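Trainee: Sequence:
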Amino acid sequence: MFPLVFVRILNQMRLGILSDEAISTFRKLSRVPELHSNIQPTELYPLRKDVDSSNNARLMALPGIAKSFVAHDTGDPKRTDYFLAPGEIKLKINAQVMLSLIPEWTSGLTKKS
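Going by the numbering used here, the sequence shown opens with residue 1, and the numbers climb by one from there.
Among the hints, a few may not be true.
[To be verified] BS3-like, lysine-lysine: derived pairs with alpha carbons at most 30 Å apart:
no.: 1; residue 1: Lys28; residue 2: Lys49
no.: 2; residue 1: Lys28; residue 2: Lys78
no.: 3; residue 1: Lys92; residue 2: Lys67
no.: 4; residue 1: Lys49; residue 2: Lys92
no.: 5; residue 1: Lys49; residue 2: Lys67
no.: 6; residue 1: Lys78; residue 2: Lys90
no.: 7; residue 1: Lys67; residue 2: Lys90
no.: 8; residue 1: Lys28; residue 2: Lys67
[Claimed, not checked] Here are the in silico distance ranges between beta carbons for each label pair:
no.: 9; residue 1: Val7; residue 2: Pro41; range: 18 to 24 Å
no.: 10; residue 1: Ser30; residue 2: Asp50; range: 15 to 21 Å
no.: 11; residue 1: Thr74; residue 2: Phe26; range: 36 to 42 Å
no.: 12; residue 1: Leu62; residue 2: Glu21; range: 36 to 42 Å
no.: 13; residue 1: Asn94; residue 2: Pro3; range: 27 to 33 Å
no.: 14; residue 1: Leu62; residue 2: Leu4; range: 17 to 23 Å
no.: 15; residue 1: Val32; residue 2: Val70; range: 34 to 40 Å
no.: 16; residue 1: Ser19; residue 2: Lys67; range: 39 to 45 Å
no.: 17; residue 1: Val70; residue 2: Asn11; range: 28 to 34 Å
no.: 18; residue 1: Ile65; residue 2: Arg27; range: 38 to 44 Å
The hints are simulated quantities; they were obtained by calculation from the structure and are not laboratory data.
This structure is a prediction, so every number in the text was calculated from the model and none was measured.
Using N, Cα and C, we set each Cβ at its ideal position, and we do this for glycine too.
Input sequences plus hints: build the corresponding full structure.
Mentor: What follows is the structure, given as structure tokens:
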């Protein structure tokens, strides 16, 4: 499957209007994943509130105390204003995270400790 096709059907899912092609494609992809590590498969949700609910439930299931991390975004506001990540997140040791950036925006972004 070409990546643009997948982007199109994910956008349909986000809008809640799935074509027959999108439904068929998702059904073909449905399977129980084989896990070879402790990394859990990504779950897709159409609404941000569902994503947040799943993330909070996974975080609460981990032992320990959550630590808060505040984002310090820099760069062109035309680009940084479109970041979907929250300005602050809470994590615990062993929390699974995913970096999601559009590749052409990664130039000039650095990890600061």
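Trainee: Which hint numbers doesn't this structure obey?
Mentor: Violated hints (numbers, rising): 2, 8 and 14; every other hint is consistent with the structure.
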